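**Student:** Okay, here's what each chain looks like letter by letter:
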Amino acid sequence: MDFGLTDEQEALRKSARDFLTERSTTQLVRKLMASKTGFDEGLWKEMSGLGWMGTAISEEDGGLGLGQIELAILTEETGRAILPAPFYSSVGLAAPVIAGAAEGAIRKELLGGIASGETRATLALVEAEGRWDAPGVKAKAVKEGNGYTITGTKLFVPDAHLAGEILVVARTSREKDKTAGLSLFAVPASDKNVKVRQLETIDQTRRLCRVRFSGVTVGADRMLGREGEAWPLLTRSLDRAATTLAAEATGVAAKVVELSRDYAKERLQFDRPIGSFQAISHRIADMLVLTENARSTTYYAAWALDEGVPDAPLAAATAKVAGSEAARTVAQDGIQVHGGIGFTWEHDMHLYYRRAKWLELFLGDAGIWRERVASLFA
Amino acid sequence: MDFRDTPEEAAFRKEIQDWLEANVPSDWDRSQLTLIPPEDRLDMLRNWQAKLHEGGWAGINWPKEYGGRGASLIETAIFNQEMARVKAPPPINVIGLGMAGPTIIAHGTHEQKDRHLEKILSADEIWCQGFSEPGAGSDLGGLRSTAILEGDSWIINGQKVWTSLAHVAQWCIFLARTDTTAPKHKGITYFLVDMSSPGIEVRPLRQITGSADFNEMFFTDVRVPRENILGEINDGWRVAMTTLLHERGTLGFALSVGARVALDELIRLARETKRYGKPAIEDPIVRQRLASLHVEVESLRLNNYRALTSVMKTGVPGPEGSLGKLIWSESMQRLGDLAVEILGPAGMLEKWTENPRVATWQYIHLRSRGHTIEAGTSEILRNIVAERVLGLPKHK
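Listed in order, the protein sequences are those of chains A and B. Counted the way the numbering used here counts, the first sequence spans residues 1 to 378. Counted the way the numbering used here counts, the second sequence spans residues 1 to 396.
Keep in mind that the hints were calculated from the coordinates and are not lab data. None of these values were measured; they are calculated from a predicted model. Every residue gets a Cβ at the ideal spot worked out from N, C-alpha and C, and that includes glycine. There could be a bad hint or two in this list.
Said to hold, decoys possible - Restraint ranges, calculated between C-beta atoms of paired labels, are given here:
| id | chain 1 | residue 1 | chain 2 | residue 2 | range |
| --- | --- | --- | --- | --- | --- |
| 1 | A | Arg-23 | B | Gly-135 | 55 to 65 Å |
| 2 | A | Ala-378 | B | Gly-55 | 30 to 40 Å |
| 3 | A | Glu-118 | B | Asp-337 | 53 to 63 Å |
| 4 | B | Met-44 | A | Leu-376 | 30 to 40 Å |
| 5 | B | Thr-314 | A | Glu-41 | 35 to 45 Å |
| 6 | A | Lys-178 | B | Tyr-276 | 22 to 32 Å |
| 7 | A | Ser-35 | B | Glu-272 | 53 to 63 Å |
| 8 | B | Thr-314 | A | Gly-219 | 50 to 60 Å |
| 9 | B | Gly-55 | A | Leu-361 | 46 to 56 Å |
Using the sequences and the hints, build the whole thing.
**Tutor:** Pasting the structure below:
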């Protein structure tokens, strides 16, 4: 039994932290928040140069062949630094979806592109009903000759405005079982029948989009996996994506704990540091509990996914619950500990809060994942 | 990172599993989930520990030279896990094995080690802990029992509370003030007291559960031989810290498996109990709460693993190590609350002939109110996390 990182993994964490401390400053976050696309091409190229995009992509698919644990290490760090880049959407979300479903040439093309940083991809799943499960999918893909024509509107698609490839979940047949008859396609965002509109997202460095597919035709070679059988594979990939989200939430929470601790040591009221008041110090202790719970469950889930142990889905759901809870509660308590200054635009606390809220809700909130936990043991 | 046993760990686990399989008494009620043994099981539990000792399983983390197995932290964790997993009875001499023994090993003289350690392991002599007083609970340093040296004896006077096992113990680790003029943490000495000494009165202290696992002790002019102190005169606070470290440090894995076992039982209860005509497990709110408990119990297990890895690699536990008892105690309360709610109106009963499970769950529920108080209240533990882990200024 060993719940520690290897020397290589520690080195990865250190180099990621050094890089992000220098490059992903809150000044940059603020600058990109206010920009049209929220994107910094130079930063993206540097991260690609470090090999980050291919972390959990296998070597034969063009990546580094590391695993979910290394990806968790990186995303914990990107969470601490509230990295303003479409890293999660492409590397944390789209890559495992492709790796879990696609075969042959399209697999190599997409994963190779993501790994090098040349391709950015994202996943278009949710529609008007706002559900992350199969029955929410109404978009249709109709077989025509050697291709499919896709029609539908997707919502809350992360970073679609920056993506070259949009993975779309659509119905290829109507089945009684709503998890059947779903297929997955890789659609080039440049297609004239794809319309992307940015939504006014709470975290403007992690934008969500509405994507309209009005009769987009793609070749059969752009279907990932077999027709009608996308959902079970997608579910497994989403376990990975959820674990990566939990890692990012851990990073945000850990940073907020540190900022709150530091502030509570410095800020004087009634002639004492506010951290000497138990109303404050006990709150920060509880923030630490939630953060450590998120961290422990996240890394266990990452290990379980890498090793393919039978309880990996339960471990991933557990991590997502702990991550969502930590993100929400720690970020809001961080504002409370900071008092008035924490509620201002000028202070950085709201940047962490916004990212935390995004992470809490994306792929489903804690309640939705608690139900998944229950369904796995009940 | 690897959560599987190494071949050596697996072999060790198999060894304890096989031993438990062959030796756990057949008349032991394995459905019992409690940690503190009821009185009528004393003889059985004493024999059980003697058997553990014969098998080399008592005080396994003690050094070999003192009769232990010299087990590593991970082996101790595996032992605690397996004991809890098969719901083996606890060793009766918990305070001797977990607190008095390790403190004697750390601070005792040759004579004290020879005199006491073997009898602690075999449960020939059971120990109790005379630390807390009516006026000194969380603020243990405020204790007021006194010891005055008269010739070759200390004369001890004072009152102690929450003394588990005092009614059956032969020995007691006892803190008393030996310098009333010194600052409060400086004038305390650590005593080893023979419980058959004249002047000791033990009164059972009945708890919220109705059973009396604890006692009050009244010491009136109790004479203790001059040499029966651990460490130096007036250095008892430092010695006591060794004891408290062991109290909070060694139980983590047993607590975490105990919580897991209790949660699995609760899930079974939710499956088998109807709530307004449907199995409780189909109620969305019950499902949410069971899932929350699962997340907490998993966190507890995994935090323990992280702390253990950190101790093995660096010699010190990470921040997660201080959180175990806090998380466990509050989770057990939520677990107990949910259990009595699932029982429905029967949750208002103490016992019910119609359903024997009511008594077990009610005991777990009521007993859990004490979990956040004993061995460091949740408030004290949050102080410790805030001050020692986070480095926040000391509270006033």
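**Student:** Confirm or reject each hint.
**Tutor:** Here is how each hint holds up against the structure:
no.: 1; hint: Arg-23(A) <-> Gly-135(B): 55 to 65 Å; verdict: 58 Å, holds
no.: 2; hint: Ala-378(A) <-> Gly-55(B): 30 to 40 Å; verdict: 39 Å, holds
no.: 3; hint: Glu-118(A) <-> Asp-337(B): 53 to 63 Å; verdict: 54 Å, holds
no.: 4; hint: Met-44(B) <-> Leu-376(A): 30 to 40 Å; verdict: 39 Å, holds
no.: 5; hint: Thr-314(B) <-> Glu-41(A): 35 to 45 Å; verdict: 41 Å, holds
no.: 6; hint: Lys-178(A) <-> Tyr-276(B): 22 to 32 Å; verdict: 28 Å, holds
no.: 7; hint: Ser-35(A) <-> Glu-272(B): 53 to 63 Å; verdict: 58 Å, holds
no.: 8; hint: Thr-314(B) <-> Gly-219(A): 50 to 60 Å; verdict: 56 Å, holds
no.: 9; hint: Gly-55(B) <-> Leu-361(A): 46 to 56 Å; verdict: 54 Å, holds
The structure is consistent with each of the numbered hints, conforming to all of them.
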